[in-house]
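Colleague: Listed here are the chains, written in short residue letters.
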Amino acid sequence: MNPQRTAWLFLTPALLVLGVFFLLPVIAALALSLTDYDLYALASIHNLRFVALQNYWALLQRPLFWSALGHTVYFVAVGVPLSMGTSLGAALLLNSPLARCKPFFRTALFAPVVTTVVAVAVIWRYLFNTKYGMANFVLGHFGIHSIDWLGDPHWAMPTIILFAVWKNFGYNMIIFLAGLQAIPADLYEAARIDGASAWRQFRHITLPMLGPTMLMVSILTVSGYFQLFAEPYVMTEGGPLQSTTSVLYLMYDEGFKWWNLGSASAVAFLLFLIMFAVTAVMLKLARRGSEA
Amino acid sequence: MNQSWAKSLINGLLIGGAVVALFPLLWMLSVSFMQPGEASALPPPLLPVHATLSNYRELFVHAGMGRYLINSLAVSSVITALSLAFNLMAGYAFAKLRFAGRERLFQALIGALVIPAQVAMLPLFLLLKYIGLVNSYAGVIVPAMASVFGIFLVRQYARGIPDELIEAARIDGAGEWRIFGQIVLPLLKPIMVTLAIFSFLAAWNDFMWPLIVLTGQEHYTLPIGLASLAREHAQDSELMMAGSVITVLPVLLLFLAMQRYYLEGLLLGSVKG
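Residue numbers (our numbering), protein chains in the order written: chain A, 9 to 300; chain B, 40 to 312.
Among the hints, erroneous ones may be present.
[Said to hold, decoys possible] Part of the chain B face toward chain A, derived, beta carbon under 7 Å:
hint: 1; residue: Met128
hint: 2; residue: Ala132
hint: 3; residue: Glu215
hint: 4; residue: Ser283
hint: 5; residue: Val287
[Unchecked claim] Stretch by stretch, here's where chain B covers chain A in the computed footprint (C-beta under 8 Å, at least three residues):
hint: 6; stretch: 19-26
hint: 7; stretch: 234-245
Just so you know, these hints were derived from the structure itself, not from any lab.
We treat Cβ as the ideally placed atom computed from N, Cα and C, and that holds for glycine.
Bound-form chain A, shown alone:
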């Protein structure tokens, strides 16, 4: 058999699936976002009109879009550093020669990662119940008054951030742990001989050596956190007072509750553009940082 033909035979099933069920819809989404596709168009395609950039323009003037974007940025800006800090801390502890029972601790800390978001979000709803929740009960011992975690617009997002950190930090912990183990031991040896303290070893050996891993992890984590949806869907239904409505939540409501598919596609594309821009800026900053 002709080698070219063989290769394409092996490739066809996967490429067909990705082409028809991913690439084609992405292109269609761009087209859809330029139309007024809604419930009427769903009933009959003759009601469909081309509206150019009107969906985008209308979104940029809607307070709900800006507040959804604000909540999402809040979640990313606080959640990502907190989550990565926790991952790095846990990885450093696990990598320490003084730590005992490492396989057990590694598995225990990683366990939340493989759980189903919906199921563990349900658990957290009860742990952070205002009246009977464990969180308020424990805080009560320290003389802190009951907090209405998920019912107070100021506390709902921080609670979701805590939940996301608990659920996700184990993933990056494993990647950081591998990064730490790849740092040659003689670097630390030399530093110790020169009398460098533990903090200075961390600052001048560990952090720079982890640099590339850190960049990759932060880009992946930022794009993951921008896609906030299931947590508010289960824990708060976007409330209270829409304080946890994320961009994807808005897209879901717009598209599958109100059937404004044109406008919802515009939401999806705006999110994509924002994520793309943030990633590009991060790469640029990292490049400038490494040149300096």
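Could you slot chain B onto chain A? The hints should help.
Modeller: The following block gives chain B in isolation, referenced to the frame of chain A:
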């Protein structure tokens, strides 16, 4: 710093972290055996007074949880089997078969990873509605039959297969499918296990797409069924904890049994190609 002091600090922090990570899961298990209403008390009870299976009975007999469990098992298994086959074939082709535009096509696939899956969801829904797959198992399965991540993982691993092995088989007159089946696949076994666990867990835990495409209860997977129960039974914590146990336990056990493969895959997938 004092060595023994540092040692107790590090191990103390690890124990504290493990407690925080595991407590919600253990508490879920404990509350799922409590009588209705028992968990709504102060102080919050840690263990059931009289352990009961009534919450599980209620879920399976009246709430349709058995159906959701079977749906989840079936959908996740089919996705795992099909995506494994397609990703293995494509990953092998990108690693070992020569064809024009190979590198460029692969780069394009990797580049497509920057597009969030949700961008495709709205037109995908319309497409599946048009071909009649909305509210069917196929609606969940079909878009998940191949993944760029899976192809990438297989390619990374398959590049380690020596070309001589494949060439020698070709000279002996073996056909391409036989080479793939009898020489390549056995060598890819570790990555097959890894990829199978990844696909199964991802399919099992997937939420947004099944929520969109499954409009009728009879096709609900566990996460969708649980989310809809959680809206109806917001106050019944014992019942909801039992539902969470049913949803989480299968994947948690699968992970514990296959941990080594899972963590290896996680690291292989995170190394830049």
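Colleague: Against this structure, judge whether each hint is valid.
Modeller: Hint-by-hint comparison with the structure:
Taken as an interface hint, B:Met128 checks out: its beta carbon lies about 4 Å from the nearest beta carbon of chain A, inside 7 Å. The restraint placing B:Ala132 at the interface with chain A holds, with a minimum CB-CB distance near 4 Å, inside the 7 Å limit. At a threshold of 7 Å, the smallest CB-CB gap from B:Glu215 to chain A is about 5 Å, leaving the interface hint in force. Because the smallest distance between the Cβ of B:Ser283 and any Cβ of chain A comes to about 4 Å, under 7 Å, the interface hint for this residue holds.
At about 5 Å, the closest approach between the beta carbon of B:Val287 and any beta carbon in chain A falls short of 7 Å, and the interface hint on this residue holds. Coverage of the stretch 19-26 of chain A by chain B holds [criterion: at least 3 residues with CB-CB distance below 8 Å; count 6]. Chain B is given as covering the stretch 234-245 of chain A, and this holds because 7 residues of the stretch bring a CB closer than 8 Å to a CB of that chain, at least three being needed.
Of the numbered hints given earlier, the model fails none.
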